[in-house]
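For the protein sequence lines, the chains are A and B, in the order given.
In this text, residue positions in the first sequence follow numbering that gives the first Met the number 0: the first is 0, and each later residue adds one.
In this text, residue positions in the second sequence follow numbering that gives the first Met the number 0: the first is 0, and each later residue adds one.
Among the hints, erroneous ones may be present.
To be verified - Listed next, the in silico SDA-like pairs over lysine to any residue satisfying Cα-Cα at most 20 Å (straight line):
hint : chain 1 : residue 1 : chain 2 : residue 2
1    : A       : Lys148    : A       : Ala137
2    : A       : Lys231    : B       : Ala20
3    : A       : Lys213    : B       : Ile28
4    : B       : Lys97     : A       : Val165
5    : B       : Lys97     : A       : Ser158
6    : A       : Lys178    : B       : His93
7    : A       : Lys231    : B       : His93
8    : A       : Lys178    : B       : Thr79
9    : A       : Lys108    : B       : Ile84
10   : A       : Lys213    : B       : Asp198
11   : B       : Lys97     : A       : Asp202
12   : A       : Lys108    : B       : Val88
13   : B       : Lys97     : A       : Lys108
14   : A       : Lys178    : B       : Asp198
15   : B       : Lys97     : A       : His154
16   : A       : Lys188    : B       : Val228
17   : B       : Lys97     : A       : Lys188
18   : A       : Lys213    : B       : Asp99
19   : B       : Lys97     : A       : Gly215
20   : A       : Lys178    : B       : Ala20
21   : A       : Lys178    : B       : Thr30
22   : A       : Lys178    : B       : Val88
Treat the hints as calculated values from the structure; they're not laboratory data.
Predicted model, so just to flag it, every value in this text is computed and none were measured.
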Amino acid sequence: MLRTKMVLGSAVAAVVLAATACGGGNPASTDTGNKGGPAPTDTIVVGSANFQESILLAHIYAEALKAKGVKVSTKLNIGSREAYIPGIKDGSIDLIPEYSGVLLQYFNKSATETSPDDVYAALQKAVPDTLTVLDKSAAEDKDAIVVSKDTASKHNLKSIADLAPVAGTLTFGGPPEFKTRPDGVPGLKKNYNVTFGSFKTLDAGGPLTVNALKNGQIDAGDIFTTDPSIAKNNFVVLEDPKNNFAAQNVLPLINKAKASDTVKTTLNAVSAKLDTQTLIDLLTKVISEKQDANAVAKAWLSSAGLG
Amino acid sequence: MAAGGAAVVIGDIVTFLTASANWHGPEGIPTRLLEHVQYSFVAVLIALLVALPTGLLIGHTGKGTAVVAAIANSLRALPTIGLLIFFVVLISPHIHGKGDAAYLIPSEIVLVLLAIPSILSNTYAGVENVDPAARDAASGMGMTGSQVLFKVELPCALPLIMSGVRSATLQVVATTTIAAFVSLGGLGRYVFDGQAQQDYAQMAAGAVLVALLAVLADFGLALLQRAIVSRGISGRYARRGAAAVPDRTDALTADVVEAEVVRA
């Protein structure tokens with residue numbers, strides 16, 4: 000009897016949790032200690048999301064600005080977009096590295112642009128009046144269909160389109176949301192007529208997917224383009240000529256009031272030098288070789304003539 | 000959460016559970032239910048094969064009780080999901096090719112480790128606590144050690160052993176949900192997919208199905224217990240007559256028997 004009640008109780012708890020899981024605060028404005036408002040007007044506060052790549056990019060922006068004599072402070076590892084966008088709107092931070100496609104989706108849920116230029120143009124219109132995005136870099140961190148070298152050479156795969164005739168015999172691995180989201184299973188079918196024989200539910204480009212692809216439990220997987228494990232395991236990233244996955248160019252999102260000419264020129268020069276391979280190389284140093292993100296950022300800036 | 004919100008969620012769960020599309024195919028409820036039952040059954044079966052003989056042996060001989068109790072109790076303290084990831088990391092790189100073995104083996108290990116403690120400790124405690132008078136009487140009648148174990152101690156300990164099996168089953172059925180965390184099926188698929196897809200009705204429906212399955216499994220084992228425990232032990236036949244004979248069984252069994260008598 001007691002057990003029955005406990006089981007039912009936990010079911011109810013699960014329902015309650017499920018229904019309340021979509022709340023959220025704004026850590027950017029609460030974890031800082033100086034709640035008295037924005038930093039001194041001549042200082043740019045650089046923020047970052049709570050993952051390694053965003054932190055590395057924030058270090059790159061901050062060090063590039065410092066090198067040009069701009070006063071900078073950092074507020075890293077803030078959290079998700081839902082947490083730091085309110086923070087940049089209220090002036091808790093002034094500058095943060097962003098990705099064009101997801102940022103556009105954040106400001107305009109119904110956006111359908113997918114190519115880098117279309118996304119960037121739409122994004123410029125979609126950002127709120129007090130904010131602006133500077134030049135986009137060529138570096139992109141986005142979902143990609145990745146196969147092992149053997150699979151690629153066996154079926155002569157270069158682009159996702161090449162999968163269409165053989166996909167029925169292959170197993171695909173990706174996160175649970177990939178089954179339903181528009182650029183997931185439905186998008187692959189719509190854009191490339193690719194339907195995989197079976198779908199194995201793994202993680203979002205994490206260790207489960209990488210290991211499953213390495214050990215042959217899956218033939219193709221959803222892995223992010225800047226993941227150092229792609230090069231490490233000789234995986235092949237399939238091209239996406241129809242832009243099934245919206246462009247995700249790295250770019251700075253900045254408070255307009257702080258975007259002086261020096262700041263703009265400096266950050267645009269950084270974006271001009273940043274491409275996906277550079278980002279992969281730098282990330283490999285931070286993630287695989289455990290180097291300090293700030294030191295990696297400084298070293299790259301000086302080698303690129305920016306620091 | 001407002002009451003209206005709760006009503007919407009419950010309505011969505013009912014919609015999910017009654018949609019005919021959810022009752023067919025490889026993602027349908029019957030398939031997921033069967034997978035869940037299979038994973039759970041295998042885990043409890045292996046745990047029984049390990050824990051029952053071990054428990055009977057140490058209960059009968061009285062040797063190694065302290066050591067086994069310490070091991071069983073420390074097994075209880077292990078965080079299941081952490082252990083699962085540990086075993087996946089440890090085992091799956093050695094398994095190549097298609098199939099679920101790379102994920103199934105770690106999951107079953109974790110579930111077996113979860114099920115062993117309650118079966119093991121209830122078994123040896125049950126055997127250990129058999130009335131010494133009954134044991135002496137059996138020896139006095141000329142029974143050998145194994146005859147005493149299987150004809151006296153085991154039947155007497157059965158209510159407690161069954162209660163261990165039932166709590167292990169309940170834990171395993173509830174925890175098999177995490178198999179979905181490492182790409183396997185089972186009802187946990189709905190919980191994890193629902194969360195990732197922000198389809199909270201699917202998620203909650205999965206939780207409800209797991210809870211129902213756990214209750215159902217417990218009920219089935221209660222019936223089994225009723226069938227295999229001697230009436231001399233459970234004292235059940237005494238309830239047929241009007242004369243109330245004092246019930247000398249343990250509280251757990253009495254509770255279940257009472258529930259069934261009411262139902263009958």
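Hint-by-hint comparison with the structure:
1. For the given pair, A/Lys148 sits about 25 Å from A/Ala137 by alpha-carbon distance, which is inconsistent with the 20 Å threshold.
2. For a cut-off of 20 Å, the pair hint linking A/Lys231 to B/Ala20 is broken: about 42 Å separates their Cα positions.
3. The straight-line distance between the Cα atoms of A/Lys213 and B/Ile28 is roughly 31 Å, outside the 20 Å bound, and the hint therefore fails.
4. Of the supplied pair hints, the one linking B/Lys97 and A/Val165 holds, its CA atoms being roughly 17 Å apart against a limit of 20 Å.
5. Annotation: proposed proximity of B/Lys97 to A/Ser158 is violated, straight-line Cα distance about 24 Å (limit 20 Å).
6. A distance of roughly 28 Å separates the Cα atoms of A/Lys178 and B/His93; the hinted pair therefore is violated under the 20 Å criterion.
7. In summary, the hint linking A/Lys231 to B/His93 is supported, as the alpha carbons are separated by about 18 Å, within the 20 Å threshold.
8. Under the criterion of a C-alpha separation no larger than 20 Å, the hint pairing A/Lys178 with B/Thr79 is inconsistent with the structure, at around 27 Å.
9. Taken as a hint, the A/Lys108 and B/Ile84 pair is broken in the structure, with Cα atoms around 35 Å apart against an allowance of 20 Å.
10. Of the supplied pair hints, the one linking A/Lys213 and B/Asp198 is violated, its CA atoms being roughly 31 Å apart against a limit of 20 Å.
11. Only pairs whose Cα atoms come within 20 Å are accepted, and B/Lys97 paired with A/Asp202 is accepted, the gap being roughly 18 Å.
12. Note on A/Lys108 and B/Val88: the hinted pairing is violated, with a Cα-Cα distance of about 38 Å set against a maximum of 20 Å.
13. Note on B/Lys97 and A/Lys108: the hinted pairing is violated, with a Cα-Cα distance of about 38 Å set against a maximum of 20 Å.
14. Of the supplied pair hints, the one linking A/Lys178 and B/Asp198 holds, its CA atoms being roughly 12 Å apart against a limit of 20 Å.
15. Restraint check for B/Lys97 and A/His154: the C-alpha separation of about 18 Å stays at or below 20 Å, so the hint holds.
16. Among the hinted pairs, A/Lys188 with B/Val228 is inconsistent with the structure: their alpha-carbon atoms are about 58 Å apart, more than 20 Å.
17. Pair hint B/Lys97 plus A/Lys188 does not hold up; C-alpha atoms about 23 Å apart against a cutoff of 20 Å.
18. The suggested pairing of A/Lys213 with B/Asp99 holds, with an alpha-carbon distance near 15 Å, which does not exceed 20 Å.
19. The hinted pair formed by B/Lys97 and A/Gly215 meets the criterion: a straight-line CA distance of about 6 Å does not exceed 20 Å.
20. This hinted pair checks out: A/Lys178 and B/Ala20 have alpha carbons roughly 16 Å apart, not beyond 20 Å.
21. Of the supplied pair hints, the one linking A/Lys178 and B/Thr30 holds, its CA atoms being roughly 18 Å apart against a limit of 20 Å.
22. For a cut-off of 20 Å, the pair hint linking A/Lys178 to B/Val88 is broken: about 25 Å separates their Cα positions.
Checked against the numbered hints listed earlier, the structure breaks hints 1, 2, 3, 5, 6, 8, 9, 10, 12, 13, 16, 17 and 22; every other hint is satisfied.
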